[in-house]
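Q: For the record, in the sequence shown the residue sitting at position 90 is 90 according to this note's numbering, with numbers rising by one throughout.
Calculated directly from the structure, the hints in this document are not laboratory data. What you are looking at is a predicted structure, and each value in this text was computed from that prediction instead of being measured. Check the hints yourself; a few may be wrong.
Claimed, not checked - Calculated cross-link-like contacts (lysine-lysine; reagent style DSBU-like; alpha-carbon spacing at most 30 angstroms): (1) K246 to K205; (2) K274 to K143; (3) K246 to K274.
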Amino acid sequence: MPETAWPAPPEGLCTLPRTLDADIAILGAGIHGAALARELTLRGVSCALVDRGEVGGGTSQWSSQLLHGGIRYMLTGDIAQMREGLAERANWARIAPRRCRWEAFWMPHRFWGEGLAHRFGIGLYDHWGADRPDWPPHLTLGKVPRAAFEADPRGARSPFRGATAYADLITWDRELTRDLAASSQALRLDFHEPEAFGDAGGELKTLRLRDRRDGSTRALSARRWVVALGPWTDGALGQWFGETRKRLRLSSGIHLWFDAVPGCDRPWAIRRPKGRILFVIPRDGLLQVGTTEREVEDGWVPIVASERAELFEALEANLPAIPWRQLPVRAEELGVRPLVAADGQTTHLSREAVLERHARFANLTLVLGGKLTTARALMDRLATDLTGLHCPASTTEPLSLWDGQPAQIR
Numbered sequence: 001m002p003e004t005a006w007p008a009p010p011e012g013l014c015t016l017p018r019t020l021d022a023d024i025a026i027l028g029a030g031i032h033g034a035a036l037a038r039e040l041t042l043r044g045v046s047c048a049l050v051d052r053g054e055v056g057g058g059t060s061q062w063s064s065q066l067l068h069g070g071i072r073y074m075l076t077g078d079i080a081q082m083r084e085g086l087a088e089r090a091n092w093a094r095i096a097p098r099r100c101r102w103e104a105f106w107m108p109h110r111f112w113g114e115g116l117a118h119r120f121g122i123g124l125y126d127h128w129g130a131d132r133p134d135w136p137p138h139l140t141l142g143k144v145p146r147a148a149f150e151a152d153p154r155g156a157r158s159p160f161r162g163a164t165a166y167a168d169l170i171t172w173d174r175e176l177t178r179d180l181a182a183s184s185q186a187l188r189l190d191f192h193e194p195e196a197f198g199d200a201g202g203e204l205k206t207l208r209l210r211d212r213r214d215g216s217t218r219a220l221s222a223r224r225w226v227v228a229l230g231p232w233t234d235g236a237l238g239q240w241f242g243e244t245r246k247r248l249r250l251s252s253g254i255h256l257w258f259d260a261v262p263g264c265d266r267p268w269a270i271r272r273p274k275g276r277i278l279f280v281i282p283r284d285g286l287l288q289v290g291t292t293e294r295e296v297e298d299g300w301v302p303i304v305a306s307e308r309a310e311l312f313e314a315l316e317a318n319l320p321a322i323p324w325r326q327l328p329v330r331a332e333e334l335g336v337r338p339l340v341a342a343d344g345q346t347t348h349l350s351r352e353a354v355l356e357r358h359a360r361f362a363n364l365t366l367v368l369g370g371k372l373t374t375a376r377a378l379m380d381r382l383a384t385d386l387t388g389l390h391c392p393a394s395t396t397e398p399l400s401l402w403d404g405q406p407a408q409i410r
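Can you make the complete structure from the sequences, with help from the hints?
A: So, in structure tokens, the structure goes:
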């Protein structure tokens, strides 16, 4: 990965010593790395959190910003993963109430039979996800009243005849990742480039790091090592150990941010016959729209014209009353999903995560795949495996705020 692809480091110098030691070293300060740092701190185990960029500065800041069970898993039949996500959604609401907001999402239907199927499937979704701490009483679920649906400008001239409301949790993904890091006592080595490992007896022992601020080096020693680099995992393992095996397939998805549209008060989740669900979500004074699907080769890739075109075409086909191409695009972002490698289209691959013990280095664990919603649960399991210590406080201990300020859109 070219150096220019990564954000430039801030001014100033790192004041940490040139030689560092920790029980466990975590490479990657995204949602999984930050969650693992918190889990280890809760267990009283020292750790170091290493990243070439800043905490939460990679793909963890470009998700759909939802903590959810995955309503589309109703269609793919992955009920177990959906129910895990629903349980974790409630845990996030408990430990990060200042970074989460409950919403009633509307899923519109085109005809009576589809509406009936939605009410049945969404009824199960909300039944299994009935644990909703601090649910706002003004939000209602189930069949959307006709007057409310017709008052929303998205319904005018659309193919939809009504909608069903279901519950999910909106978050601020970058701030949530940083709060996890702030809730740990990890040695934070952001803007440090891993250069070379030292090993002995089939285990990793040390890592030489280059400080991207001034080019100086540090030596990090650890007993256990965890790679949680998301879409950059395969590239890093190839660079460090000469590995050519591809463990992941990468799928990009984009979001566009428009000016708010009066009357669009509830988030919509629109089923598309092919492709991902089309989200249209009012938040932070804007309107967020996404997402798309394109297989890519790297964690840093530009948005291509076909991705923008796909979103505009989907918006115009489903919500024609709004002049989408006349609305200013205030921001656009692309995130890359790391999917565990398998045959078939990436649209059909599960977001299931795998914890892989490295075949060559016995004290190295790889975090492959996964998603924002289930990151805490996965890292809870990994921390228990690494330390032999269970920690019930993981689901109840509130997160510390990274900066003490309210969450804001980037």
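Q: Next, verify each hint and record whether it holds.
A: Hint by hint, here is what the structure shows:
1. K246 to K205: holds, 25 angstroms
2. K274 to K143: holds, 25 angstroms
3. K246 to K274: holds, 27 angstroms
Hint compliance for this structure: every hint is met.
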